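Given the structure of chain U, go ahead and fit chain A onto it with the hints provided.
There are 2 protein chains.
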Amino acid sequence: MRVNLFVVGFVLLAFTSCQEEQKGTSESQSEQSSEGIATNDALTSWNSTPSLDRITSFVESVTDSTSESFVIEEDRIAVFDNDGTLWAEQPMYFQLYFAIDQVKAMAADHPEWNEQEPMKSVLAGDLESLKSQGLEGILKLVMTTHAGMSEMEFNQTVKQWADTATHPVTNLRYIDMVYQPMLELLDYFRANGIKTYIVSGGGVSFMRAWAPEVYGIPKEQIIGTTLKTEFVSDEEGQRVMRQPTIDFIDDKEGKPENINRIIGQKPIIAFGNSDGDLAMLQYTASRQGLSLPAYIHHTDSLREYAYDREGHVGVLIQGMEEAKSKGWLVVDMAKDWNVIYPRK
Amino acid sequence: MRVNLFVVGFVLLAFTSCQEEQKGTSESQSEQSSEGIATNDALTSWNSTPSLDRITSFVESVTDSTSESFVIEEDRIAVFDNDGTLWAEQPMYFQLYFAIDQVKAMAADHPEWNEQEPMKSVLAGDLESLKSQGLEGILKLVMTTHAGMSEMEFNQTVKQWADTATHPVTNLRYIDMVYQPMLELLDYFRANGIKTYIVSGGGVSFMRAWAPEVYGIPKEQIIGTTLKTEFVSDEEGQRVMRQPTIDFIDDKEGKPENINRIIGQKPIIAFGNSDGDLAMLQYTASRQGLSLPAYIHHTDSLREYAYDREGHVGVLIQGMEEAKSKGWLVVDMAKDWNVIYPRK
Chain U
565 MRVNLFVVGF VLLAFTSCQE EQKGTSESQS EQSSEGIATN DALTSWNSTP
615 SLDRITSFVE SVTDSTSESF VIEEDRIAVF DNDGTLWAEQ PMYFQLYFAI
665 DQVKAMAADH PEWNEQEPMK SVLAGDLESL KSQGLEGILK LVMTTHAGMS
715 EMEFNQTVKQ WADTATHPVT NLRYIDMVYQ PMLELLDYFR ANGIKTYIVS
765 GGGVSFMRAW APEVYGIPKE QIIGTTLKTE FVSDEEGQRV MRQPTIDFID
815 DKEGKPENIN RIIGQKPIIA FGNSDGDLAM LQYTASRQGL SLPAYIHHTD
865 SLREYAYDRE GHVGVLIQGM EEAKSKGWLV VDMAKDWNVI YPRK
Chain A
565 MRVNLFVVGF VLLAFTSCQE EQKGTSESQS EQSSEGIATN DALTSWNSTP
615 SLDRITSFVE SVTDSTSESF VIEEDRIAVF DNDGTLWAEQ PMYFQLYFAI
665 DQVKAMAADH PEWNEQEPMK SVLAGDLESL KSQGLEGILK LVMTTHAGMS
715 EMEFNQTVKQ WADTATHPVT NLRYIDMVYQ PMLELLDYFR ANGIKTYIVS
765 GGGVSFMRAW APEVYGIPKE QIIGTTLKTE FVSDEEGQRV MRQPTIDFID
815 DKEGKPENIN RIIGQKPIIA FGNSDGDLAM LQYTASRQGL SLPAYIHHTD
865 SLREYAYDRE GHVGVLIQGM EEAKSKGWLV VDMAKDWNVI YPRK
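Note that the protein sequences, when read in sequence, are chains U and A.
Reading the first sequence from the start, the letters are residues 565 to 908 in the numbering used here.
Reading the second sequence from the start, the letters are residues 565 to 908 in the numbering used here.
Please keep in mind that the hints were generated in silico from the structure rather than gathered at the bench.
Small disclaimer: the values here were computed from a predicted structure and weren't measured.
Mixed in with the good hints there might be a few duds.
Because identical chains share one entry, a pair is satisfied inside a single copy or across any pair of copies.
[Claimed, not checked] Straight-line Cα separation of at most 27 Å, DSS-like style, residue types lysine-lysine; simulated pairs:
no.: 1; residue 1: Lys792; residue 2: Lys695
no.: 2; residue 1: Lys792; residue 2: Lys816
no.: 3; residue 1: Lys704; residue 2: Lys723
no.: 4; residue 1: Lys908; residue 2: Lys783
no.: 5; residue 1: Lys816; residue 2: Lys783
no.: 6; residue 1: Lys704; residue 2: Lys684
Bound conformation, chain U alone (with noise of 0.2 Å):
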């Protein structure tokens, strides 16, 4: 669950939040030239900038079957880290605004929480105090609302949450603060051939209710940190039960080795905003053959947020020192993006 992530991640950071400047249009549908390869006309949110040169110049290398750099169909794997790539992550992730708000639902049915820390934090409301709880505290609140239920019944209560919960700053729905760049570019990727993968320190069953329909990716195309699972059999029938108790978590070196073990090759592409991505980006890098790895760099103070070295969700400095000296993509989202969220 990226815990330790998600203790700093009460560190507020300032933001300003400017719906209104959004420019540029919602196109995610990607279009298909009359040979079978999608053009990057569908890419109306991305403005003429290096970056959409050098990501349409890469995909044009790859599926060009007399280029030096083709890449085989079943070989076109890209991966999508989530929070602050594919949907936004400040002031906090938004997966534990979920837990929050599961307490407080649960509630009616705990009275002896009032009593318990850290939910009790949460009930009153105090996030500060929550925080000050450290690791232990967060890690209580997240067994306690993503544990002790079967997989079916957890799906459905994050598909409930997604469909309506709101952002406290934006207040937009979660599920409608994913970039809008990024859904044309799954959408362009897919028009040419590549699988995308989201590979993302969240849990995966918790993107699996809501992931597929915003993003078009498939659940078994969702890669995550896992909870240890059982699976049972009695007179009530059969079921994964959830436990209290991480199975593995899906960052840093954790994400080339959850590829391995699940993908079982190296993707050609790979995106992410934070250091916890790196070891997915030298992964990609280090295949033979032409590769894109490739960070989303938050200078969007008026649009999103900016934020890289400072701060404590989705910390980029070790990862950017890299992506310079290797000559990796870094998409400027304040310059390379004419809109940041879908438009309504």
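Coordinates of chain A only, in the frame set by chain U:
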């Protein structure tokens, strides 16, 4: 590695190999009808028995958008055990033959093995002695041959082995001891928009080296037992190293747990052949709506091997009882299949 089963796999079963008795064609291409729905014309290695009817009726129902049992394409997941379901597994798991062959291939660089069990017994060709060393010996054999190298190196090693290694009894290559009717079934399912997955107790990296080509199943749709791995980034580059520790055994309850973790939803079809597949079949049967849990029953002592309750590889006792009581499909290899292995 299903090490407990590996051990007892040494109790060799009697068998008769009668390749020349194989009938039928090796047609493995699926055919599309004019409406884009694949017909069962391609299932030529299947006899016209109730088993075939049941499979094709199921597929017609779940793909007919006017049927109450219609399943949208995103939910059409089929899972297959490998050993004994897609390829043979007698007289012992083929992956164990790989381990033995590897010890022999690596022996020149390891003179110390002449004094170290279980390698000493393997090099002396004394499988009875290896067997007497029980689980500990097998684990050491597997870890010696499967860990300590990068995933890429291991993949190359298995690939080279699979290209040439032959079965001690049939003298066929192991990769030619796949079941022709199952190859046709995989094609038939895929032609009907059903995504085919392997979910096997075998090692995932072992299978990924040859199964994509042999079965037409991509690496990322192969799920199996895993070793722990470590992402290494140093002056030599980036790689995932295989550690000599079991990460997850994809057998019994581990199968539905892994299906939930990696695929994220219940399959509509599951084929297995042993009690190790029962939990996966139960999980599949528990989905809301139509499902096809199925056992391959090894009834053909002439053309392959006949086994179920006895022996120690592919034991099928509890699973067969449940299949009978629940009315699951049980494929009778002797009666339902007119050919076992692909014709050369």
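Going down the list of hints, with the structure as the test:
1. For a Cα distance limit of 27 Å, the shortest separation of Lys792 from Lys695 inside one copy, 26 Å, qualifies, whereas the shortest one across copies, 33 Å, does not.
2. When the C-alpha separation of Lys792 and Lys816 is checked against a cutoff of 27 Å, the pair qualifies both within a copy, at 20 Å, and between copies, at 16 Å.
3. For the identical chains of this complex, Lys704 and Lys723 are intra-copy neighbours only, at 22 Å inside a copy versus 46 Å across copies, given an alpha-carbon limit of 27 Å.
4. Only within a single protomer do Lys908 and Lys783 lie at most 27 Å apart by alpha-carbon distance; the minimum there is 25 Å, versus 39 Å between protomers.
5. Taking the closest pair of Cα atoms, Lys816 and Lys783 come within 27 Å of each other both inside a single copy (22 Å) and across two copies (23 Å).
6. Taking CA atoms no more than 27 Å apart as the test, Lys704 paired with Lys684 passes inside one copy only; the shortest distance there is 12 Å, against 51 Å between copies.
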